[in-house]
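Novice: The opening position of the sequence shown corresponds to residue 5 in the numbering used here, with each subsequent residue numbered one higher.
Honestly, the hints are just simulated from the structure, not real lab data. Glycine residues also receive a C-beta, built at the ideal position from the N, C-alpha and C atoms. Treat the hints with care, since some could be wrong.
Simulated restraints on C-beta separations [said to hold, decoys possible]: (1) S82 x R121: 24 to 30 Å; (2) L96 x E67: 17 to 23 Å; (3) N40 x A130: 30 to 36 Å; (4) G117 x H76: 21 to 27 Å; (5) S110 x S79: 17 to 23 Å; (6) E129 x N39: 31 to 37 Å; (7) G131 x S82: 18 to 24 Å; (8) T145 x T53: 16 to 22 Å; (9) D54 x A98: 28 to 34 Å.
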Amino acid sequence: MAGRCILREKTSGKTAAEMDGEGEVSTVLIIGASNNPGRYSNMAMGRLTDAGYRVIPVNPFSEIETEEPTVHSLSRVSEKIDTVAVYVRAELLAQDIEHLVRIAPSQVIFNPGTESRELSHRLAEAGIITRNACVLVLLSTGEFDLKGKTDE
5 MAGRCILREK
15 TSGKTAAEMD
25 GEGEVSTVLI
35 IGASNNPGRY
45 SNMAMGRLTD
55 AGYRVIPVNP
65 FSEIETEEPT
75 VHSLSRVSEK
85 IDTVAVYVRA
95 ELLAQDIEHL
105 VRIAPSQVIF
115 NPGTESRELS
125 HRLAEAGIIT
135 RNACVLVLLS
145 TGEFDLKGKT
155 DE
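Kindly generate the complete structure, drawing on both the sequences and the hints.
Specialist: The structure is reproduced here in structure tokens:
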């Protein structure tokens, strides 16, 4: 089942603010956000929002229906981002990799089907943690916020 997320049990029910430890809500950028409820990026946006995360959708072509305004280009991101979740093919992200390096999130999660050794290597060179994992599974198992993990 390459390219698919398989859900397991639910998280502990803690909010992102409780998990952060500092009382600040973590901000997650979703590259490849979609309004289609059948898309994993849409499911992740809902689950992250429900868990208390601040979710910012990135989509160059569409306005995404969320609490936060849609970002149409990574070059427009100027605020602190804790996690980036990737839902686009590596060749699409490659053209914006230096913008992602500039944003300097704590971690970038490559969801199934988006993995790239080259992009992961470039991010690691910049000190950014990369993970090849499914956001939905990480949320379900309580592993989404683990810092220092890498799948290289």
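Novice: So, for every hint listed, does it hold in this structure?
Specialist: Structure-based check of all given hints:
1. S82 x R121: 24 to 30 Å: holds (29 Å)
2. L96 x E67: 17 to 23 Å: holds (19 Å)
3. N40 x A130: 30 to 36 Å: holds (32 Å)
4. G117 x H76: 21 to 27 Å: The hint (21 to 27 Å, Cβ to Cβ) holds, given that G117 and H76 are roughly 23 Å apart.
5. S110 x S79: 17 to 23 Å: holds (20 Å)
6. E129 x N39: 31 to 37 Å: Holds - the Cβ-Cβ distance for E129 and N39, about 34 Å, lies within 31 to 37 Å.
7. G131 x S82: 18 to 24 Å: Given range 18 to 24 Å: holds, Cβ gap about 19 Å.
8. T145 x T53: 16 to 22 Å: holds (19 Å)
9. D54 x A98: 28 to 34 Å: holds (32 Å)
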